[in-house]
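For what it's worth, the numbering used here labels the leading residue of the sequence shown as 12, then goes sequentially.
No wet-lab data here; the hints were simulated from the structure. Accuracy of the hints is not assured; some may be wrong.
[As the list claims (entries may be wrong)] Taking lysine-lysine pairs in the BS3-like style, the calculated list, with each CA pair at most 27 Å apart, reads: (1) LYS73 with LYS27; (2) LYS21 with LYS73; (3) LYS143 with LYS85; (4) LYS29 with LYS154; (5) LYS70 with LYS85; (6) LYS27 with LYS154; (7) LYS55 with LYS85; (8) LYS122 with LYS27.
[What the hints assert, rightly or not] Estimated spans, in silico, between C-beta atoms of each pair: (9) LYS154 with LYS29: 18 to 26 Å; (10) PHE149 with SER116: 39 to 47 Å; (11) ARG119 with ARG81: 32 to 40 Å; (12) ALA115 with LEU164: 18 to 26 Å; (13) LYS21 with LYS143: 35 to 43 Å; (14) THR14 with GLY84: 26 to 34 Å; (15) ARG81 with ARG126: 30 to 38 Å; (16) GLU117 with ARG81: 29 to 37 Å.
Even for Gly, the Cβ is constructed at its ideal location relative to N, Cα and C.
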Amino acid sequence: METGYFYFIKDEYYEKFKNCGLMENKEDAILGKHGRPCYYCYEKDGLCWLIPISSRIEKYRKLYSEKMTRYNGKFDGIRFGYVNGRETAFLIQNLCPVTSDYIASEYRISKNTVRVTIDRKLSEELNSIVRKALRLYFDRGVKIVLTDLDTILSGLNCRLICQ
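Just need the whole structure built from these sequences, with the hints factored in.
What follows is the structure, encoded as structure tokens:
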């Protein structure tokens, strides 16, 4: 897995960490798998920190506006950008750590031949916010994301040690 690309997580991850505030994995539809949610990846020290994306722009614009008002214009939990020409909400507030064995697949287009990426400037902004969130969490014990990072990290470390 590489920083700047998009991935889908295996159902096993959602099952293991189901009470940790993760974005809900979508059920299969009649026409097949939805493959959602999709995640933007920031890789650091062997862990992939994944940001879920959503097409529910109006919902997250409203939430973003409320949070910006509440926090005096300082809110890093949501950003907006384009993925495959569609406006998308990047839900940094739902950031979660994942190891490569929980990755189901990479998000690709054009008959699975082209890796999906985003604008370099947006990628740099997202990466910077994730680094900030991780510094606050690891260096000062400040949690600015909604997911239960303590439980997930504990579960991932146990899995890595036990293998």
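Tell me, in ascending order, the numbers of any earlier hints that this structure violates.
Going through the list in order, the structure violates hints 1, 2, 8, 10 and 13 and respects the others.
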